[in-house]
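What follows is the residue order along each chain.
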Amino acid sequence: MQVPARFEYEKATSVPHALALLERYGPDARVVAGGHSLIPMMKLRLAQPEALIDINDLRELAHLRVEGGELAVGALVRHAELLASPLVAEHFAILIDAERVIADPVVRNRGTVGGSLCQADPSEDLAAAFAALKADAVVTGPGGSRTVPLRGFHQGPYETVVEPGELLAELRVPVRHGAGSAYEKVERRVGDWPVAAAGALILIEDGLITEAGIGLTAVSAPGFTAPEAEDYLIGREPVDAVFAEAGRRAAAVCNPHADQRGPADYKRHLAGELTRRALRKAARRAAED
Amino acid sequence: MQITVTVNDQPYTREVEPRLLLVHFLRDELGLTGTHWGCDTSNCGACVVQIDAVPVKSCTMLAVMADGHHVTTVEGLEKNGELDPVQKGFTECHGLQCGFCTPGMMLTARWLLDNNPDPDESEIREAISGQLCRCTGYENIVRSVRWAAEHTCTPEVSA
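Chains as they are written, first to last, in UniProt numbering: chain A, 1 to 289; chain B, 1 to 159.
Extracted from the complex, chain A is given alone in its bound form (with noise of 0.2 Å):
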């Protein structure tokens, strides 16, 4: 029987009163929204938080929109959310791509986008979609709100740019009106992590690609994206040849490590072809909006 150690628990009911919390009990307090993470690790006892502060109940955190040409995803949004929201199929299947193969549908009804970011995994696919989408994290704490990239939101496995005493509030994500996204993963079996995986976003303009978004996870790609891949897209057209190079280049900024879910050359070889896969779902998606 797996039980967690003790721990003090707080059901915050505001934003500033989790700051509250978060501020009383300090650095061995943590935030706990769907659980399905933090509450796992707890009773491997890989983490012994001493304080659990609860923000299922702060609404004001569970907000979905676009606003100011940015779509606005609250932390507390659960991943089932996510997946059925027609605003996000609008404008984001690379959002939806990748939900449906996060987990299963009752581990979705529970957890949440900010909580599978914060949780930090370095093979979380939420990481590798909103990378591609070049989104903003927004990090409230005592002295107000600090926007981060999301691609400097993660400082390596399970730690975060997250302070003691601060809580992601919402991710933001421009509205590219004509862009195309998408996500390919390979798993072992449903509802695993990845092998491997890769985002795509894609602009086209005049029939050249005008912006990229790229974004891996499980590879260990800093920042879970390839800015050189990216960069070489520009200009160029959305053709096999270019994306496959894209692809190529992807690969090379990984650095894989081999585990229990295949050898490190395969999963670069993934990380290449996956890439290339999503670029031209994304590219074929631009082409239909």
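No lab work stands behind these hints, which were simulated from the structure alone.
Just so you know, even glycine gets a beta-carbon here, dropped at the ideal spot from N, CA and C.
Some hints could be false.
[What the hints assert, rightly or not] Here are the computed lysine to any residue pairs in the SDA-like style, where the Cα-Cα straight-line distance is at most 20 Å:
#1 Lys-11(A) / Asp-52(B)
#2 Lys-11(A) / Thr-4(B)
#3 Lys-79(B) / Ile-51(B)
#4 Lys-88(B) / Asp-52(B)
#5 Lys-11(A) / His-70(B)
#6 Lys-11(A) / Lys-79(B)
[Said to hold, decoys possible] If you want a taste of the chain A side facing chain B, the calculated C-beta under 10 Å gives, among others:
#7 Arg-6
#8 Tyr-9
#9 Val-15
#10 Pro-16
#11 Gly-34
#12 His-36
#13 Pro-40
#14 Asp-104
#15 Arg-110
#16 Arg-284
Keeping the supplied structure of chain A fixed, place chain B upon it in accordance with the hints.
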């Protein structure tokens, strides 16, 4: 800390440790052993219950998180002495052998049918994809849920 959880329309107030998992609260505190405790890692889905009409894995939720919420367990599927169509479907179509996964399967099936009354096979398989059955190969579970979809009629329609 003291919590009040409404389980199958009945409120229960208990003093619990914050680290008590919902599955153990239901089984050990309330004696509702219809909710099964399986893998303990949110993989197998034996512990699925509904919180506010949405299925969740109760081994990965703290009992204190259910404070003030409505929980439905397999014991709450029956209404006024009448089995839920999902329960009848599992009976009619031999949807179980050992029965360990069955309560969780039925609660997810109920949620699926509440939101999608006429699901096709792939939609049923997707809905239960986070739940493991080692007996049936899933075939009869899918048939059971289809049976429930086909036999969920208003009295006027069935008359």
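Against the 20 Å threshold, does the CA-CA distance of Lys-11(A) and Asp-52(B) hold or violate the hint?
With Cα atoms ~18 Å apart, Lys-11(A) and Asp-52(B) stay inside 20 Å; holds.
With a cut-off of 20 Å on the C-alpha distance, tell me whether Lys-79(B) and Ile-51(B) pass.
holds (18 Å)
Chain B contact restraint for Tyr-9(A) - C-beta distance below 10 Å:
holds (3 Å)
Are the Cα positions of Lys-11(A) and His-70(B) separated by 20 Å at most?
At roughly 17 Å apart (the allowed maximum being 20 Å), His-70(B) and Lys-11(A) satisfy the hint.
Would the pair Lys-88(B) and Asp-52(B) pass a check requiring their Cα atoms to be no farther apart than 20 Å?
violated (23 Å)
Hint Arg-110(A) vs chain B: min CB-CB distance below 10 Å?
holds (5 Å)
When the least beta-carbon distance from Pro-16(A) to chain B is tested against 10 Å, hint result
violated (21 Å)
Holds or violated: His-36(A) as interface residue toward chain B, Cβ cutoff 10 Å?
holds (6 Å)
Under the criterion of a CB-CB separation shorter than 10 Å, is Asp-104(A) in contact with chain B as hinted?
holds (3 Å)
Starting from Lys-11(A), check that the Cα of Thr-4(B) is at most 20 Å away, please.
holds (14 Å)
Given Pro-40(A) was flagged as interface, is its beta-carbon under 10 Å from a beta-carbon of chain B?
Since chain B brings a Cβ to about 6 Å from Pro-40(A), closer than 10 Å, the hint holds.
Hint Gly-34(A) vs chain B: min CB-CB distance below 10 Å?
holds (9 Å)
Checked against the numbered hints given earlier, this structure breaks hints 4, 6, 9, 10 and 16; the rest are met.
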